[in-house]
Amino acid sequence: MDEAMWAFGRVSGFISLALFTATVLLGILTRSGRPLIALPRFSVTLLHRNFALLASVFLGLHVGSLLLDSYAKLNPIDVLVPFLGSYRPFWQGLGTVALDLVLAIVITGLLRHRIGQRTFKAVHWLSYAMWPIALAHAIGNGTDGTGKWFLILAAASVAAVGGAGAWRLSATFLETSKARQGGMP
Amino acid sequence: MSDTLHIDWTKCDGRGLCTELLPALLARDDWGYPVSRRSRSGNRTDVPIGADSLDAAADAVRLCPRLALSLVGERTSRRA
Ligand code: HEM
Ligand code: SF4
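Here the protein sequences come in this chain order: Z and B. The first sequence begins at 32 in this note's numbering and counts up by one. The second sequence begins at 189 in this note's numbering and counts up by one.
Next comes chain Z alone, as it looks inside the complex:
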């Protein structure tokens, strides 16, 4: 039974990270105001939100299954308070920090209309911290974290998110950048 929980904990963590990677990419695409090939803009936003929710569900499964696993020696307190764990406390603590950030980002995301754009956006910037922290946690804490395949996939996602981030900062990021820079369209 323990073995199964351990395996499930690892797989669900991996799936959650992959979904969060997609969430960040879709978030940046949402911000650009561009449609995605045949997907209209409102679908891109909805997809961004739904990937975030699905990733959070897998994050819940990841933490839940490892709580039930005696080998991971996870205390309930480790779920919310970082760096107290007994197994690789620093790398596990990064996972806890990422979880705290996800909770903040998702809750304020869902309450966007209630709390207003300013607060929503202030918290939402934490996404750019959350993703590298979660990735570092997976590499440093995961059983397969330093395995060849995991590192290849990690390098590919760093390239994808890094590339999207560079695009986010570029002058032609917005769909309407050209027109707004003064040249008549």
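Derived by calculation from the structure, the hints in this document are not laboratory data. Among the hints, a few may not be true.
Claimed, not checked - The calculated SDA-like cross-link candidates involving lysine to any residue, where the alpha carbons are at most 25 Å apart (straight line), are:
#1 B/Lys-199 - Z/Phe-204
#2 B/Lys-199 - Z/Leu-77
#3 Z/Lys-152 - B/Asp-201
#4 B/Lys-199 - Z/Leu-200
#5 Z/Lys-152 - B/Ala-239
#6 B/Lys-199 - Z/Thr-139
#7 B/Lys-199 - Z/Val-137
#8 B/Lys-199 - Z/His-144
#9 B/Lys-199 - Z/Ala-187
#10 Z/Lys-209 - B/Ser-258
#11 Z/Lys-179 - B/Trp-197
#12 B/Lys-199 - Z/Ala-153
#13 Z/Lys-209 - B/Tyr-221
#14 Z/Lys-209 - B/Gly-261
#15 Z/Lys-152 - B/Leu-255
#16 B/Lys-199 - Z/Glu-206
#17 Z/Lys-209 - B/Leu-259
#18 Z/Lys-209 - B/Lys-199
#19 Z/Lys-209 - B/Ala-215
#20 B/Lys-199 - Z/Gly-178
#21 B/Lys-199 - Z/Trp-198
#22 Z/Lys-152 - B/Trp-197
#23 Z/Lys-152 - B/Cys-200
#24 Z/Lys-209 - B/Asp-217
#25 Z/Lys-152 - B/Ser-241
#26 B/Lys-199 - Z/Lys-104
#27 B/Lys-199 - Z/Arg-211
#28 B/Lys-199 - Z/Leu-56
#29 B/Lys-199 - Z/Arg-62
#30 Z/Lys-152 - B/Gly-220
#31 B/Lys-199 - Z/Asn-106
#32 B/Lys-199 - Z/Phe-121
#33 Z/Lys-209 - B/Arg-216
#34 B/Lys-199 - Z/Gly-147
#35 B/Lys-199 - Z/Phe-45
#36 B/Lys-199 - Z/Ala-202
#37 Z/Lys-152 - B/Arg-225
Assemble chain B with the ligands onto chain Z, guided by the hints.
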């Protein structure tokens, strides 16, 4: 026909979600911002919404990435 879609120009950034959801009512100007297709008086800020467009308008209010839209009107307040 008393419902209107109110656009807060201090918030709108011309991302074009509302123009996708309400193509019959809203066009996009060259900078991406919504323009009412039917407005006679040149009022760009309050767009009249017919009963058949009310659901799409509510979606636009919900999904606008800048929270720039709100629905104002009798039917809307009863639905809320
Ligand atoms: C219920 C959950 C969520 C909702 C409703 C939501 C909604 C949004 C919206 C509306 C935007 C566009 C903001 C704008 O145009 O100013 C956005 C952007 C973004 N989102 Fe989310 N989001 C959610 C969760 C997440 C999560 C969990 C992450 C991180 C893993 C994330 C990462 C991003 C990123 C990176 C951007 C681009 C920010 C920028 O560069 O301005 N989002 N999100
Ligand atoms: S969806 Fe919102 S930000 Fe985008 S054009 Fe419409 S009102 Fe402006």
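Hints and how they fare:
1. B/Lys-199 - Z/Phe-204: Within the cut-off at roughly 19 Å; holds.
2. B/Lys-199 - Z/Leu-77: holds, 20 Å
3. Z/Lys-152 - B/Asp-201: holds, 14 Å
4. B/Lys-199 - Z/Leu-200: The given pair, whose Cα atoms are some 21 Å apart, holds under the 25 Å limit.
5. Z/Lys-152 - B/Ala-239: Answer violated: Z/Lys-152 to B/Ala-239 is near 33 Å, above 25 Å.
6. B/Lys-199 - Z/Thr-139: holds, 18 Å
7. B/Lys-199 - Z/Val-137: holds, 22 Å
8. B/Lys-199 - Z/His-144: Judged against 25 Å, a Cα distance of about 13 Å means the pair holds.
9. B/Lys-199 - Z/Ala-187: violated, 36 Å
10. Z/Lys-209 - B/Ser-258: Given that 25 Å is the threshold and the Cα spacing comes to 29 Å, the pair is violated.
11. Z/Lys-179 - B/Trp-197: Cα-Cα ~51 Å, so violated.
12. B/Lys-199 - Z/Ala-153: Distance ~15 Å between B/Lys-199 and Z/Ala-153 Cα, so the pair holds.
13. Z/Lys-209 - B/Tyr-221: Cα-Cα ~14 Å, so holds.
14. Z/Lys-209 - B/Gly-261: violated, 37 Å
15. Z/Lys-152 - B/Leu-255: Distance of about 11 Å is within 25 Å: holds.
16. B/Lys-199 - Z/Glu-206: OK: B/Lys-199 and Z/Glu-206 at ~17 Å, within 25 Å.
17. Z/Lys-209 - B/Leu-259: violated, 31 Å
18. Z/Lys-209 - B/Lys-199: Judged against 25 Å, a Cα distance of about 20 Å means the pair holds.
19. Z/Lys-209 - B/Ala-215: Holds. Z/Lys-209 to B/Ala-215 sits at ~19 Å (cutoff 25 Å).
20. B/Lys-199 - Z/Gly-178: With a Cα-Cα distance of about 47 Å, the restraint between B/Lys-199 and Z/Gly-178 is violated, given a limit of 25 Å.
21. B/Lys-199 - Z/Trp-198: Holds: B/Lys-199 and Z/Trp-198 sit about 23 Å apart, inside 25 Å.
22. Z/Lys-152 - B/Trp-197: holds, 18 Å
23. Z/Lys-152 - B/Cys-200: holds, 15 Å
24. Z/Lys-209 - B/Asp-217: holds, 13 Å
25. Z/Lys-152 - B/Ser-241: violated, 29 Å
26. B/Lys-199 - Z/Lys-104: violated, 48 Å
27. B/Lys-199 - Z/Arg-211: holds, 16 Å
28. B/Lys-199 - Z/Leu-56: holds, 24 Å
29. B/Lys-199 - Z/Arg-62: holds, 14 Å
30. Z/Lys-152 - B/Gly-220: holds, 21 Å
31. B/Lys-199 - Z/Asn-106: violated, 45 Å
32. B/Lys-199 - Z/Phe-121: Roughly 41 Å separates the two Cα atoms, so the pair is violated.
33. Z/Lys-209 - B/Arg-216: holds, 15 Å
34. B/Lys-199 - Z/Gly-147: Roughly 11 Å between the alpha carbons, so the hint for B/Lys-199 and Z/Gly-147 holds.
35. B/Lys-199 - Z/Phe-45: violated, 38 Å
36. B/Lys-199 - Z/Ala-202: Answer holds: B/Lys-199 to Z/Ala-202 is near 21 Å, not above 25 Å.
37. Z/Lys-152 - B/Arg-225: The hint is violated at about 31 Å.
The structure does not agree with the numbered hints 5, 9, 10, 11, 14, 17, 20, 25, 26, 31, 32, 35 and 37 stated previously, though it agrees with the rest.
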